[in-house]
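Student: What follows is the residue order along each chain.
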Amino acid sequence: MRFDELVRSGGPVVTAEFPVVDTDMAALVRHADRLRGWADAVNVTDNTAAHAHASNVAVAVALRGLGLEPIMQVACRDKNRLALQADIVGAALHGVRAVCCLTGDDVTAGDEPQARRVFDLDGPQLIRVACALAEGRYLSGRAIDPAPELLVGAVENPGAPPYSHRVDRAAKKIRAGARFLQLQICYHPDRLAAFMAGAARAGLTSRAAFLPTICLVKGAGGLRFMNEKVPGISVPAETIDRVEKAADPSRAAYELALAQAGHALSLPGVRGLHLVDFRGGDAVPRLLSDLRISRRLTA
Amino acid sequence: MSQGPVTSPGPVTSPDPVTSPDPVTSPGTAGHRAVAAVEHAVKGPVFDCRMCGQCVLHSTGMTCPMTCPKTLRNGPCGGVREDGRCEVDPSMRCVWLRAFERSRRLPWRGHFTDLRPPVDNRLAGSSSWINLLTGRDRRTPPGWQP
Chain A
1 MRFDELVRSG
11 GPVVTAEFPV
21 VDTDMAALVR
31 HADRLRGWAD
41 AVNVTDNTAA
51 HAHASNVAVA
61 VALRGLGLEP
71 IMQVACRDKN
81 RLALQADIVG
91 AALHGVRAVC
101 CLTGDDVTAG
111 DEPQARRVFD
121 LDGPQLIRVA
131 CALAEGRYLS
141 GRAIDPAPEL
151 LVGAVENPGA
161 PPYSHRVDRA
171 AKKIRAGARF
181 LQLQICYHPD
191 RLAAFMAGAA
201 RAGLTSRAAF
211 LPTICLVKGA
221 GGLRFMNEKV
231 PGISVPAETI
241 DRVEKAADPS
251 RAAYELALAQ
261 AGHALSLPGV
271 RGLHLVDFRG
281 GDAVPRLLSD
291 LRISRRLTA
Chain B
1 MSQGPVTSPG
11 PVTSPDPVTS
21 PDPVTSPGTA
31 GHRAVAAVEH
41 AVKGPVFDCR
51 MCGQCVLHST
61 GMTCPMTCPK
71 TLRNGPCGGV
81 REDGRCEVDP
91 SMRCVWLRAF
101 ERSRRLPWRG
111 HFTDLRPPVD
121 NRLAGSSSWI
131 NLLTGRDRRT
141 PPGWQP
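Residue numbers (the working numbering), protein chains in the order written: chain A, 1 to 299; chain B, 1 to 146.
Excised from the complex, chain A in its bound form (with noise of 0.2 Å):
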């Protein structure tokens, strides 16, 4: 089943991040090869955490081309509202219909903190512009036809002050026209649990498809980095701690986001997962294993 007929028709969704790829396009393959099969489709990032990379389009429509259905993801920072559109518009021409909307880390957060910042749109308002397109018009008015089949969806992060706001931000962008929510990384299982009892409590999980994310690292260097250098990821010491003095690091570092995603899934309103995986090798396939969750094993 495509992806958005996917989303749309309720059912359980598993959605993985591609690792980020420059010139190597073996390796492209090589990472499309490792999961196909077992996602549904997977996150293209836009110069992720302010980094520059080879463009969302580009690696979007190259995963189309493998097989794979890519959900290409669209920062608010590095364009203006022109440039945007026409990302949209023209990877939808290769046959890239989802498309997920976030504001961006900031470009201070990046290896070029000299660049300037854009933010010409901020997340929620690209999600309303996407759906323009979607609906066969450029934010303009100027009409688009064919209009492009496009998946709408953006991501929420539970885990970030202030806490109680963070299930109305959803709303908005559930309003704004979002069909799926992938949520930041959360080691906090007791706001996650807040936000999607808040999420369902207000309705939104019947309209959108919530996916909380879960990181699969090596250990607790992984762990660290996340804390200190990703924005809005905060790892409890004791988290760290409990991985970092395991006997077998690695085992415990997996059996954290085994826990992690048993315990999202317990939550009410929750579709599925999105999974980014920094372990390599056989992590995500044992993880779905591990959670009993089937996936086709087509290639």
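Bear in mind the hints are in silico, worked out from the structure with no lab data behind them.
One or more of the hints may lead you astray.
Stated by the list, open to error - If you want the footprint, here are the derived chain B segments under chain A, 3+ residues with CB under 8 Å:
(1) 45–54
(2) 71–78
(3) 131–145
As the list claims (entries may be wrong) - So these bits of chain A aren't anywhere near chain B, every CB distance computed over 10 Å:
(4) ARG8
(5) PRO19
(6) LYS79
(7) ASP106
(8) ARG116
(9) GLY177
Note that beta-carbon positions come from the ideal geometry of N, C-alpha and C, so glycine has one too.
Let chain A serve as the given structure and place chain B on it in line with the hints.
Tutor: Below, chain B alone, put in the same frame as chain A:
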């Protein structure tokens, strides 16, 4: 001899209505600039107003969203630090966290979650007071409305 159909230069978008230049309400006129100067003198010290020309202070807890380093109009980004400081400038508290807290004390707090349209960059530096009176600040591109 028929010349065939005349080719349209492209779909006609809705142009901004052309209004006769009013000495006060038209941006760029001396009257408008004078009101903008007064507005900035009042709102600058109180709200750190950046004169975007389309003020939304009433719906953002009387906190200017243009002071957010990302100039976000629709709420806090996902990068707010654990202690409530800004992702971009750790020396400051998140503008939207402050806006959220202040808005809860206002009778019209329901407007906090409004979906605010993209900024019209042409209005930068003009008087939002005049733009409010003329309705200019509520004019959005035709594609914005669902």
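Student: Evaluate each hint against the coordinates.
Tutor: Here's how the hints hold up against the structure:
1. Chain A is given as covering the region 45–54 of chain B, and this is violated because 0 residues of the stretch bring a CB closer than 8 Å to a CB of that chain, at least three being needed.
2. With 8 residues carrying a beta carbon less than 8 Å from a beta carbon of chain A, the region 71–78 of chain B meets the three-residue requirement, and the given coverage holds.
3. Here the region 131–145 of chain B counts 4 residues with a CB under 8 Å from a CB of chain A, which clears the bar of 3, and the coverage holds.
4. Remark: the non-interface label on ARG8 (chain A) is consistent with the geometry, its nearest Cβ contact in chain B lying 18 Å away (cut-off 10 Å).
5. Taking the minimum C-beta to C-beta distance to chain B, about 21 Å, the non-interface status of PRO19 (chain A) holds against the 10 Å cut.
6. Every CB of chain B is more than 10 Å from the CB of LYS79 (chain A) (nearest about 13 Å), matching its label as outside the interface.
7. Not every beta carbon of chain B lies more than 10 Å from that of ASP106 (chain A), the smallest distance being close to 4 Å; the non-interface claim is violated.
8. At roughly 12 Å, the least C-beta separation between ARG116 (chain A) and chain B is larger than 10 Å, which holds for a residue marked as non-interface.
9. The non-interface label for GLY177 (chain A) is inconsistent with chain B: the shortest C-beta to C-beta separation is roughly 8 Å, within 10 Å.
Violated hints, listed in ascending order, are 1, 7 and 9; each of the other numbered hints is respected by the structure.
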